[in-house]
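These protein sequences, in sequence, are chains L and A.
All residue numbers for the first sequence refer to numbering that gives the first Met the number 0, where the first residue is 0 and numbers rise by one.
All residue numbers for the second sequence refer to numbering that gives the first Met the number 0, where the first residue is 0 and numbers rise by one.
Hint data in this document are derived by calculation from the structure and do not stem from the laboratory.
Among the clues, some could well be false.
Unchecked claim - Residues of chain A clear of chain L, computed beta-carbon distances all greater than 10 angstroms:
id	residue
1	N5
2	R37
3	R57
4	W77
5	V84
6	A89
Said to hold, decoys possible - Listed below are several chain A residues computed to face chain L (Cβ distance under 7 angstroms; list not exhaustive):
id	residue
7	G29
8	T30
9	P33
Just so you know, these numbers come straight off a predicted model, no measurement behind them.
A virtual CB, placed ideally from N, CA and C, is assigned to each residue, including glycine.
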Amino acid sequence: MTTDIGDQLVRDYLARLDRMAHQLPKYRRVELVQEISQHIASARAAGTAEETSVRGVLGRLGEPAEIVAAALRDGAPGPPTDHPPVGTGLEIATVGMFAVGSLAGLAIPTVGLLGWIVGVVLLWTSRQWRRPEKTVGTASVFGAVGLAVLVGALSPQSCTASQSGVAGQPATPAAEQCTGGVLPGTVGFVLYLGLLITPVVASLVLLRRVRRRTRRAGPLDA
Amino acid sequence: MLSLLNTDELYGFDLVRRLSEVDGMVTSEGTIYPLLSRLRRDGLVSTRWVESETGPPRRYYQTTAAGRHAVRTFAAEWRRFRDAVDTLLAEGTS
């Protein structure tokens, strides 16, 4: 094997490791890739018969996925930190308010809107979320409200389902007849449901980010 | 691993190689590094960077006082466990 091919194999291997190690906190990912890269260099420099083969070295190291899995198994508390562990009560409450708003919005849109507004206030009160995250959360609410109004305007005002069929023969599928709208009733309703859950989904995603961050910054386990 | 570091200060590659020489201890060498990292975070090993003549600086590992204590505790427990199993096996086969 020429050195060029060997180098390429090592680069590919380390790139794969680095990609997989994305699940780890950044400092551990850097450390892991650095150590493995040093190991490979040492093994190649040591140069016994088996180890001169880059494939042999990489084979003995194991698959990047396996190494990252071991790192994840070993838990990933962060580097030493003086910060006390932080709770996520306010953030959970934010998600809760968005959920309440969405549920209420099913029956009474104005009450739903109120819930969402409280949710947005909580969102901006939080110290755990960063500004871009707060912006995304807020945008999900205003976007949903705007689209909901639009869907409302385009949806038909009344729909009647009719079933045609002659007695004794199988009925043809129900057909819905709607008046006064551009969107068919069911499409409008599904869209409306989707918009209602958008802020909930968005805030859940944001909550997960906070949790991941606080886990990383958690206290040492020894 | 701690036991190996008890006697010598080793750098990652040497340590991994010594572990691999003990049959049945290591299936994939790469997984040793996350374990080392954990021992370091747990304060059982300490590390030190040493300039290398042939390449980038190397990180050397050595056990800490807590690490040595952990080895002694484990060794004592292991002997007790081994003796217990030996006794049971002796009774079962005699």
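- Query: Among all the numbered hints in the text so far, which are the ones the structure does not match?
  - Reply: Failing hints, ascending: 2, 3.
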